[in-house]
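Participant: Given the sequences, and given the hints that come with them, work out the whole structure.
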Amino acid sequence: MTALAVLLLADSRLPNGGHAHSGGVETTVAAGFLSTVDDLELFLRGRLCTTAPVLAGFAAVACLLDDDADWRRWDRALSARIPSAALRTASRLQGGALLRTVAGMWPVPAGLRQLGRPHQPLVLGAATSAGGGSALDAAGLAVHHLLGGACSAAIRLLGLDPLAVAAVQAAVGGPGAEIARQAVLAAEIAVTSDDPSALAAVSAPLTELLAAEHAQQEVTLFAS
Amino acid sequence: MKALAGLDVERGRTRWRDCAPIALRPTGPGRMHLVQAAGGPLGGDELRLDVRVGPGADLAVRSAAATVAQPGPGPEPASWQLSATVAAGADLDWRPEPTVVCAGADYRSHLRVDLDSTAWLVLREQVLLGRVGEPGGRYRGRLTVTVGGELLMDTETVLDGADPALSGPAGSGGFRVFGSLLVAGRDLPAVAERADRTPTLISAVLPLDGPGYLILALGRTSALVSAGLAAEADRVTTAAGIAARG
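For the record, the sequence lines run as chains A and B. Counting in this note's numbering, the first sequence tops out at residue 224, every number present. Counting in this note's numbering, the second sequence tops out at residue 1246, every number present.
For the record, the hints were derived by calculation from the structure and aren't laboratory data. Treat the hints loosely; a few may be bogus.
With the C-beta cut set under 10 angstroms, the calculated list includes, among others, these residues of chain B facing chain A [stated by the list, open to error]:
#1 1152
#2 1159
#3 1192
#4 1204
Only part of the chain B face toward chain A is listed, based on derived beta-carbon distances under 7 angstroms [what the hints assert, rightly or not]:
#5 1168
#6 1170
#7 1173
Every residue, glycine too, gets a C-beta built ideally from N, C-alpha and C.
Facilitator: Okay, here's the thing in C-alpha cells:
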C-alpha cells in the first residue's frame, strides 16, 4: 500500500492546513512582481533553484534518519537556512499541523514529536518513511507541495486560468523531479557523514525580504 | 592562481602572512586592509584567508577597492574562502568593498565564522551584478556562522544576472545590487522583523534563530543598497536605545 500512502501525503485534501499558506505568492503579487502566468512560471523556476533543494534535502534526510536520531540538530540546521522569522514560523506552523495529522495515521519518531513544532519538511520526510515511502518520495513530495501551493494560491489571488496554470506546473515537473533526485544524493551524504552541511542552503533574497513585509501587513488572505 | 593567506590578531600584536594575490596592510590600531595585488579573481583562482582573533582582541577588516570577478580561461569558478575564529570577548568587524561579478564570470565565496559565545561579529557583503550596462555573471555566496558551537546561520545566496529565473520574482526581482549585514554574538538588542520597500530599494531586518540578526537589501544601485543597510542598522540601534531608556 506504499503508493497510496505517498499519494495521501501529496493530497491537498489531507487536513493539514496547507491551504492557508501561499508559498510566498501573496506577498510577491502584492509587491507587483507576479501578475501573469508567465511570471508564475518564472517564479516556480526560481523556487526550483533556490528553496526547493533545501526543502527536498531535509525531507529526504528525515525519511532516512533513524527514530533515535538527533532530530533537534537537523531541525536547527534548517532554521539556520531560513533568515526570516516569518518564514521559520510558517514552516513550523505547517510542520506542527502536519505532525498532528500524521501522528494519528502512522507511528512518528518520538524525538521529532518532542520538538513540538518541527519544520515542515522534517515532518513530511518522517511521515513518508512511516507510510512506507522512499527518500525520493519524500523529496518529490516537498517539491510537489512547493509548486502546488504556489499554483493554487496564484489562481485564487490573480484569477489566472487554472488550465494554463496546470500546464505550467506540468512544464516545471521535469526539472522539479531532477531537483528531488539531487536532493536525495545530498541527503544520503549528509546522513552517512552525520553532517547537515552537505545539504543545500540556498535562500532567495527577494523571498526573504517579501516574507518580512507580508508578516507586517494587517490583512492578508494567506498566513504566509 | 591558488593562495592561502593568514591573519592572527592578539591584544597588542598582529601577525599576517601574505600570499599573492592576497596582501594585507595595517591601516590603524586593530585595523587591516585587504589589497588585491592582481586583477581578478579570475575563473580557476582559489583564494583563501584564515583569520584568528584572540581573546579580548578587536579586528576591523576593510578593502582598498572593489573585488572584480571576471571569467577565466576555462569553465572553473573563481573561489574565495574566509575561515575565521573569534575568541572570548573578541570583536570582528568585516566590511570590505563590494564584489562586482562581470558578465560570464562564475564567482563562489564561502565565509565561515566561528564565534565564542562572548564574541561579537559584524559582517557586511555587497554584490553588484555586472559593470554598468552588462547583465552580470553568476554569484554563489555561502555564509556559515556558529556561536558557542551552535549553528546560527547557514545560507547560500545565488544570483545570476543572465538567468531569468534567478533574477526573476523568486530570485533577485530584477535588482542588480544585493547587500547583507550580519550582526551576531554578545549583547545584541531585541530585534523585531520589519521590511521597507520603494521602487528602487527593498530592505529588511530579520532576527535569526539565535543570537544574531541579518539585514538584507536589494536595490538598483550600490549607493542605495549601502544607504539601505545603514538605515536599517540605525533603526535597530535606535529602537534598542529607546527600549533601554524606557
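Participant: Hints first: check each against the structure and report whether it holds.
Facilitator: The hints, checked one at a time:
The beta carbon of residue 1152 of chain B is positioned within 10 angstroms of a beta carbon in chain A (closest approach about 6 angstroms), and the interface hint is therefore held. A hinted interface residue such as residue 1159 of chain B counts as satisfied when its beta carbon comes closer than 10 angstroms to some beta carbon of chain A; here the least separation is about 8 angstroms, so the hint holds. With 10 angstroms as the threshold, the beta carbon of residue 1192 of chain B comes within range of chain A, its nearest partner Cβ sitting at about 9 angstroms, so the hint holds. The criterion of a C-beta within 10 angstroms of any C-beta in chain A is met by residue 1204 of chain B, whose closest approach is roughly 4 angstroms, and the hint holds.
About 4 angstroms separates the beta-carbon of residue 1168 of chain B from the nearest beta-carbon of chain A, less than 7 angstroms, and the hint is met. For residue 1170 of chain B, the interface hint holds, since its Cβ comes within 7 angstroms of a Cβ in chain A; the closest pair sits about 3 angstroms apart. The beta carbon of residue 1173 of chain B comes within 4 angstroms of a beta carbon in chain A, closer than 7 angstroms, and the hint placing it at the interface holds.
Checked against the numbered hints above, the structure breaks none of them.
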